[in-house]
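Protein chains: 2
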Amino acid sequence: MTRYSKQTRVLVAVDCIIFGFDGEHLKLLLIQRGFEPEKNKWSLMGGFIEPHEGPEAAASRILKQLTGLEGVYMEQMHVFGEPKRDPIERTLSITYFAFIDVHKYEKQLSEEYHAEWFHLKDVPKLIFDHNEMVEMAREKLRYKAALHPILFELLPEKFTIPQIQTLYENVYDTVLDKRNFSRKLLSTGLLIRQDEKDKENSKKGAYFYKLDPGIYKDKFQSFLNFIPNPQALSA
Amino acid sequence: MTRYSKQTRVLVAVDCIIFGFDGEHLKLLLIQRGFEPEKNKWSLMGGFIEPHEGPEAAASRILKQLTGLEGVYMEQMHVFGEPKRDPIERTLSITYFAFIDVHKYEKQLSEEYHAEWFHLKDVPKLIFDHNEMVEMAREKLRYKAALHPILFELLPEKFTIPQIQTLYENVYDTVLDKRNFSRKLLSTGLLIRQDEKDKENSKKGAYFYKLDPGIYKDKFQSFLNFIPNPQALSA
DNA sequence: GGTATTCGTGTCTAAATAACACTTATTTAT
DNA sequence: ATAAATAAGTGTTATTTAGACACGAATACC
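Protein sequence lines, in the order shown, are assigned to chains A and B.
The first sequence begins at 1 in the numbering used here and counts up by one.
The second sequence begins at 1 in the numbering used here and counts up by one.
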């Protein structure tokens, strides 16, 4: 026996919801699809999974293709598999959301794919069920970021507290009190203050911080309530 | 153009991680696989996705096959897709975790599949990567249950506070203070006390409670911290 | 030197959490 | 009938955490 003979086989794609933060707004990287069907329509970056790679590897490959980056923070989100979602042929899509530092990605690659960053309030109509994917990714982003320090993945290695606060304010579409915000953030012990200051964005200058890699790893799954000592939970 | 001609197609299965609570322990429903490869080995309940159904529909169908139940609480967990995970032929598995009330399920069906409930500490070696799936499901269960009132899905319609507490203690392998636990639980407003008492498990008897369906729906996505008013988050 | 801008910090109040022990209802045994 | 055993139910206090709130410091520009 070498095949489950009677069963049907389907195509499997990977689609990536790529978030970035330019210092002002949270943005989404979209491409203009280069092939039929729906050629030239806006779409998430994606591709078919290849015979010898797993879904994670496919997602990494696709992210690298578009951004030139490796080791990007990335997480499997959800599988979309309604039979008619792709009108040509049944295709399953495994979605990943990814966070990149917009300053690091290679612009020339994005030209090749006709990629553009979109403000989340101006996301155009996308092919297939991609708008639904984006919406789910936004929700998941908000959910996770409320509990875990993932938004640092959107920032450069050195960042200032006002920058992170702007990012949180963007994600939650709200205004935060900077005294309470910085106190909470610093109390996690995640941040190491640098001597250098960022003079770009203010006259006084704001201290740069870096993440403490050990504590970052440890605390990645922390926070929470309901259970007194919830040790060892993970997403 | 009717096919993405050059791409390879793969089999897609759905596997269910089914949890139940017998009043004492949290348990897992496993079957003895009825076909090759790995016939007669312990396995999660699963099946191939059919041409005209989506993944959710497939999971519902499979759950119904084994338990006789419909409308079971169920959630997509993760896709496992390493190329070699099934030695016969590449097969993607979309996993769902599900919670059932053990008292409701139909035993004769489980005989047909040679199903048995296993204590989570005695899970046998399973086929392929199913042990990994179980482990991930346990983690996700602990994660979600710390934030959202999902464990009620494991209980019958009427339940007592000592019962829920035992369930939480089981899930987190810890001992909770009953005064603090019941205060926190009751403060959610989720529970409606019945006049009737459960006399099975104690001499004094414990009041039965039911969920308030409206509040249950509203509060399903509540809790959380980090962001002052995290309104409208979802899993 | 004055003004405008943004950074950085401290206090007080309210709410939530965690630790802790006794009384009540009922059954069973003496 | 009385006593003993068992599990249910409830209240207080101390500590911690969260949220509201305002001013001084550094610097660039005029």
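Hints in this document: simulated from the structure, not taken from any laboratory.
Fair warning: there could be bad hints in the mix.
Put simply, identical chains are the same to the list, so a pair is met inside one copy or across any two.
With a straight-line cut-off of 16 angstroms between C-alpha atoms, the simulated EDC-like cross-links for lysine to aspartate or glutamate are [what the hints assert, rightly or not]:
1. 6 / 36
2. 84 / 53
3. 125 / 106
4. 121 / 135
5. 64 / 129
Note that the coordinates shown come from a computational prediction; the quantities given were computed from them, not determined experimentally.
List of violated hint numbers, smallest to largest: Violated hints: 3 and 5; rest satisfied.
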